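Colleague: Single-letter residue listing:
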Amino acid sequence: MIGFIKKDLAMIKSNFKLLAILIVIYTVMGLMDKMDISFILPFMCVMIMISTFSYDNYNKWDAYSISLPNGRKNSVKSKYVATILMTFIVAIITTLLSFLISYINTKSINYEQILVTMFGTVFGTLLVLSVMYPIIYKLGVEKARIGIVLLVFGTVIAGTLLLKYVDLSNVLKSLTFLEDYLIIILIILAVIMVYISYKISVKIFSKKEF
Amino acid sequence: MDIIKSYSGEIKIFGLDNKKADEEIKENVGVVLDDMFFPEILTPNDINITMQGIYKNWDSKMFNDYLKEFSILPNKQIKTFSKGMRKKLEIATALSHHPKLLIMDEPTSGLDPVARAEIIQIFQTFIEKDDCSILLSSHITADLEHIADYITFINNGEIVLSKTTNELLDKYGIVKCTEKEFKKINKKDYIKYKKSKYEYEVLVPNKKEFKAKYNISVIDKITLDDLMVLMIKGEE
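These protein sequence lines are chains A and B, in that order.
Under this note's numbering, read the first sequence as residues 1 to 210, first letter to last.
Under this note's numbering, read the second sequence as residues 1 to 236, first letter to last.
Hints were generated in silico from the structure; no laboratory data involved.
Possibly wrong hints are sitting among the right ones.
As the list claims (entries may be wrong) - Pairs of lysine-lysine residues, derived as DSS-like cross-links and limited to a Cα-Cα distance of at most 27 Å, are as follows: (1) Lys6(A) with Lys83(B); (2) Lys208(A) with Lys233(B); (3) Lys6(A) with Lys61(B); (4) Lys100(B) with Lys83(B); (5) Lys77(A) with Lys143(A); (6) Lys83(B) with Lys60(A); (7) Lys20(B) with Lys138(A); (8) Lys5(B) with Lys143(A); (9) Lys12(B) with Lys73(A); (10) Lys143(A) with Lys79(B); (11) Lys199(A) with Lys100(B); (12) Lys13(A) with Lys56(B); (13) Lys12(B) with Lys203(A); (14) Lys12(B) with Lys207(A); (15) Lys60(A) with Lys20(B); (16) Lys79(B) with Lys203(A); (17) Lys20(B) with Lys77(A).
Stated by the list, open to error - If you want the ones that stay clear, here's a sample from chain A, every Cβ over 10 Å from chain B, calculated: (18) Ile5; (19) Met11; (20) Ile37; (21) Ile66; (22) Ile89; (23) Ile104; (24) Ile114; (25) Gly147.
Unchecked claim - Not everything, but these chain A residues come out facing chain B in the computed CB check (under 7 Å): (26) Ile2; (27) Lys60; (28) Asn70; (29) Ala91; (30) Thr95.
Keep in mind the model is a prediction, meaning the values are calculated, not measured.
Backbone N, C-alpha and C define an ideal beta-carbon position, used for all residues, glycine too.
Construct all of the structure, not just a fragment, from the sequences and the given hints.
Modeller: Written out as structure tokens, the structure is:
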């Protein structure tokens, strides 16, 4: 599997510069006390990794990858591992920078707020990954892009309708006891979500013919 | 290689079932597919690093030696390479984990004669090793005549013919004769025939026997092209 990860990272190495530039922009904006764009950084990792699917597809790598030892399983596994690894590394860098920015700006560090923001962001990123990857394996990158737009629209419309007809404040009130466990719940949910998504992707890819 | 699923039957490579021993088999097989398959933005160096993490027996030195031999620049992106260079890179990759079997789909198609000759030379060196073989699919029959020990001719998914190359090229022949002469030939003594404007072309499985039995002097040596055309287009 390591070989597949190395290949994906080699393909996106030119994007690392972009990521570095974004981190610098984030730091500068943070120091100037402007907008907080920390949530964008881990999210970018998924977006960059999705581009490797395009390269693979365009260059017919998938058929070849199957001819490599344990290719069917490892090529899927490596996409998940590489994305999660990148997301975590970027999230850790961003968190450390947030601590620094917070300290420079206010002479104190708001650990809780920064950590909750980062956990939320990583959770969001993993959610996107978990939804996107099986769709990409099923439909290919191009169609999956349309799929994700429809999905976002669908969620927004469903959410709006839900808010219109259901009074959520009662539901939220009954959920307040969960607040203390928020981070643990997010971690457990993320693990389950990624695991199910991975299993679905492996199943889809194991049936693919080229 | 499990790229296409089988619906019935079983496939054994090195005596092992291809589904149960997938990893073991693939460690010992090198593959070159019909189309280009390396992501174009990678460099040969990236391929080297990638394969180190994929094949247990990957031999970086061997790979770099091949790159030198083929004059492939290791730091250039693959998209800057010509078709012949890409094919050579693919073949170098297929060879550099010491496989016992190479499976190649049209490795020489679309290449100029010089590149083709170079690649055939690499194959020849490879099969000179004791326990190494190549399974090669090709429409360039001249390459097959040069290198193949066995030839299997498949048409519409069915095996039309499967023989050693020597047997095909030495024993088989094309008899050229008039209609009058053709009518004298026993059906058992030929495989297929084709009627052209002035003569009959008759595919015979044994030139010598045919010559001894019939008094027809024009028996041409066969090429794989002739054989393919007669087997498919000829009448029985």
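Colleague: Could you run down the list of hints and mark each one as holding or not?
Modeller: Cross-check of the supplied hints:
1. As the CA atoms of Lys6(A) and Lys83(B) are separated by approximately 25 Å, the hinted pair is consistent with the 27 Å bound.
2. Under the criterion of a C-alpha separation no larger than 27 Å, the hint pairing Lys208(A) with Lys233(B) is inconsistent with the structure, at around 36 Å.
3. Proposed proximity of Lys6(A) and Lys61(B) is supported: the alpha carbons are some 19 Å apart, at most 27 Å.
4. Distance hint between Lys100(B) and Lys83(B) is fulfilled; the C-alpha atoms sit about 26 Å from each other, no more than 27 Å.
5. For the given pair, Lys77(A) sits about 22 Å from Lys143(A) by alpha-carbon distance, which is consistent with the 27 Å threshold.
6. Of the supplied pair hints, the one linking Lys83(B) and Lys60(A) holds, its CA atoms being roughly 15 Å apart against a limit of 27 Å.
7. A hinted pair counts as satisfied when its Cα atoms are at most 27 Å apart, and Lys20(B) with Lys138(A) qualifies at roughly 26 Å.
8. At roughly 24 Å between alpha-carbon atoms, Lys5(B) and Lys143(A) fall within 27 Å of each other, so this suggested pair holds.
9. Proposed proximity of Lys12(B) and Lys73(A) is supported: the alpha carbons are some 21 Å apart, at most 27 Å.
10. Distance check on the hinted pair: Lys143(A) and Lys79(B) sit about 26 Å apart at the alpha-carbon level, within 27 Å; holds.
11. About 33 Å separates the Cα atoms of Lys199(A) and Lys100(B), which puts this hinted pair outside 27 Å; it is violated.
12. At roughly 25 Å between alpha-carbon atoms, Lys13(A) and Lys56(B) fall within 27 Å of each other, so this suggested pair holds.
13. Between Lys12(B) and Lys203(A), the direct Cα distance comes to roughly 24 Å. Compliance with the 27 Å bound is thereby established for this hinted pair.
14. Between the alpha carbons of Lys12(B) and Lys207(A) the distance comes to roughly 21 Å, so the proposed pair stays at or under 27 Å and holds.
15. Proximity of Lys60(A) to Lys20(B) is assessed by CA-CA distance (about 26 Å); at most 27 Å being required, the pair is judged to hold.
16. At roughly 32 Å between alpha-carbon atoms, Lys79(B) and Lys203(A) are farther apart than 27 Å, so this suggested pair is violated.
17. For the hint linking Lys20(B) to Lys77(A), the alpha-carbon distance of about 20 Å falls within 27 Å, and the restraint holds.
18. Residue-level check failed: Ile5(A) sits 7 Å from the nearest beta carbon of chain B, not beyond 10 Å.
19. In this structure Met11(A) is not separated from chain B by more than 10 Å, as the shortest Cβ-Cβ distance comes to only about 6 Å.
20. For Ile37(A), the shortest C-beta to C-beta distance to chain B comes to about 28 Å, beyond the 10 Å cut-off, and the non-interface label holds.
21. Not every beta carbon of chain B lies more than 10 Å from that of Ile66(A), the smallest distance being close to 5 Å; the non-interface claim is violated.
22. With 10 Å as the threshold on Cβ separation, the claim that Ile89(A) sits away from chain B holds: the shortest Cβ distance comes to roughly 19 Å.
23. For Ile104(A), the shortest C-beta to C-beta distance to chain B comes to about 39 Å, beyond the 10 Å cut-off, and the non-interface label holds.
24. Annotated as non-interface, Ile114(A) keeps its C-beta farther than 10 Å from every C-beta of chain B; the closest such distance is 35 Å.
25. With a closest Cβ-Cβ approach of about 24 Å to chain B, Gly147(A) is found to remain outside the 10 Å limit, as its non-interface label requires.
26. Hint status for Ile2(A): holds, given a least beta-carbon distance of 4 Å to chain B, under 7 Å.
27. Below 7 Å, beta-carbon pairs count as interface contacts, and Lys60(A) has one with chain B at about 5 Å; its hint therefore holds.
28. The interface hint given for Asn70(A) holds, since its Cβ lies 5 Å from the closest Cβ of chain B, which is under the 7 Å cut-off.
29. Among the interface hints, the one on Ala91(A) is violated; its C-beta lies about 25 Å from the nearest C-beta in chain B, farther than the 7 Å criterion.
30. Interface hint at Thr95(A): violated, since its Cβ lies 29 Å from the closest Cβ of chain B, which is beyond the 7 Å cut-off.
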